[in-house]
Amino acid sequence: MLEDRLQRWLAEQGVEGARRVVAADDRRIVLSKTPPGFAERLIRALETLEADLTDEHIAATMASATNRGRSRVDAWEAAVMERTAEAVARLRLPPALVDEVRYGVESVAALLRSVLWCDGACSGLHEPSPAEEAAFRDAWESLSGEGRRFTRVYGVFEGRPVLAHCPGASIARTLFAQGWRLCTGQDLPRRT
6 MLEDRLQRWL
16 AEQGVEGARR
26 VVAADDRRIV
36 LSKTPPGFAE
46 RLIRALETLE
56 ADLTDEHIAA
66 TMASATNRGR
76 SRVDAWEAAV
86 MERTAEAVAR
96 LRLPPALVDE
106 VRYGVESVAA
116 LLRSVLWCDG
126 ACSGLHEPSP
136 AEEAAFRDAW
146 ESLSGEGRRF
156 TRVYGVFEGR
166 PVLAHCPGAS
176 IARTLFAQGW
186 RLCTGQDLPR
196 RT
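Position one of the sequence shown corresponds to residue 6 (this note's numbering), numbered consecutively onward.
Source of the hints: derived by calculation from the structure; they are not laboratory data. Values in this document were obtained by computation on a predicted structure and should not be read as measured data. Where hints are given, some of them may not hold.
Taking lysine to any residue and the SDA-like style, the derived pairs with C-alpha atoms no more than 25 Å apart in a straight line are [claimed, not checked]:
#1 38 to 101
#2 38 to 107
#3 38 to 123
#4 38 to 102
#5 38 to 191
#6 38 to 24
#7 38 to 64
#8 38 to 57
#9 38 to 195
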């Protein structure tokens, strides 16, 4: 059976934990490590929280976090998580949702840190250098379309690539844009 052979192959590749086959055809095998329905449930929950995560709300919350001596990206990350926790409690959503959101927000914050490298050394809004803008554009483009930045390729099994996509890649793109705007005070840089 495909599933059994694939699980053995994944273990041989050093992949820890079980993966389930989401789709398989002649061209590829798509896996997920989340349970069925997780992505849909998370996206619906985030749509419910959307009004609490606007630029205005996050900027207001960031102001207090920034005053505690945090870097801009740390302040943005803390503000998103604070607003998420408050909204989850107010809306009586499952508390585990906060941790599910945190994983994605931590990934986006790491991506922001990779393009705003003077983040820890600067205070207030920072006008990014041309190199930081170029790094942002490269990262932004890697989040476009099929979101290859959030695609993991495990290798080739029985002649087909085996891969997994992050279920929240489109949300990550929205958060990445917000983080850029709120940390730099600038619109998204365009390719020149």
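Does residue 38 pair with residue 57 here, judged by a C-alpha cut-off of 25 Å? This hinted pair is violated, its Cα atoms lying about 29 Å apart.
Would you mind confirming whether the straight-line C-alpha gap from residue 38 to residue 107 stays at or under 25 Å? holds, 17 Å
Taking only the CA atoms, is the gap from residue 38 to residue 195 under or equal to 25 Å? violated, 35 Å
Does residue 38 pair with residue 24 here, judged by a C-alpha cut-off of 25 Å? holds, 5 Å
Mind checking the alpha carbons of residue 38 and residue 102 for me, to see if they're no more than 25 Å apart? holds, 17 Å
Quick one, are residue 38 and residue 191 close enough, alpha carbons at most 25 Å? Status violated; Cα separation ~36 Å.
So if I understand the rule, the pair passes when the alpha-carbon distance is 25 Å or less; does residue 38 with residue 101 pass? Satisfied, since the Cα-Cα distance of roughly 17 Å is no more than 25 Å.
Residue 38 and residue 64: Cα distance at most 25 Å? violated, 34 Å
What's the verdict on residue 38 and residue 123, does the C-alpha distance respect the 25 Å limit or exceed it? Answer violated: residue 38 to residue 123 is near 35 Å, above 25 Å.
In terms of the numbered hints stated before, the structure departs from hints 3, 5, 7, 8, 9, listed from lowest to highest.
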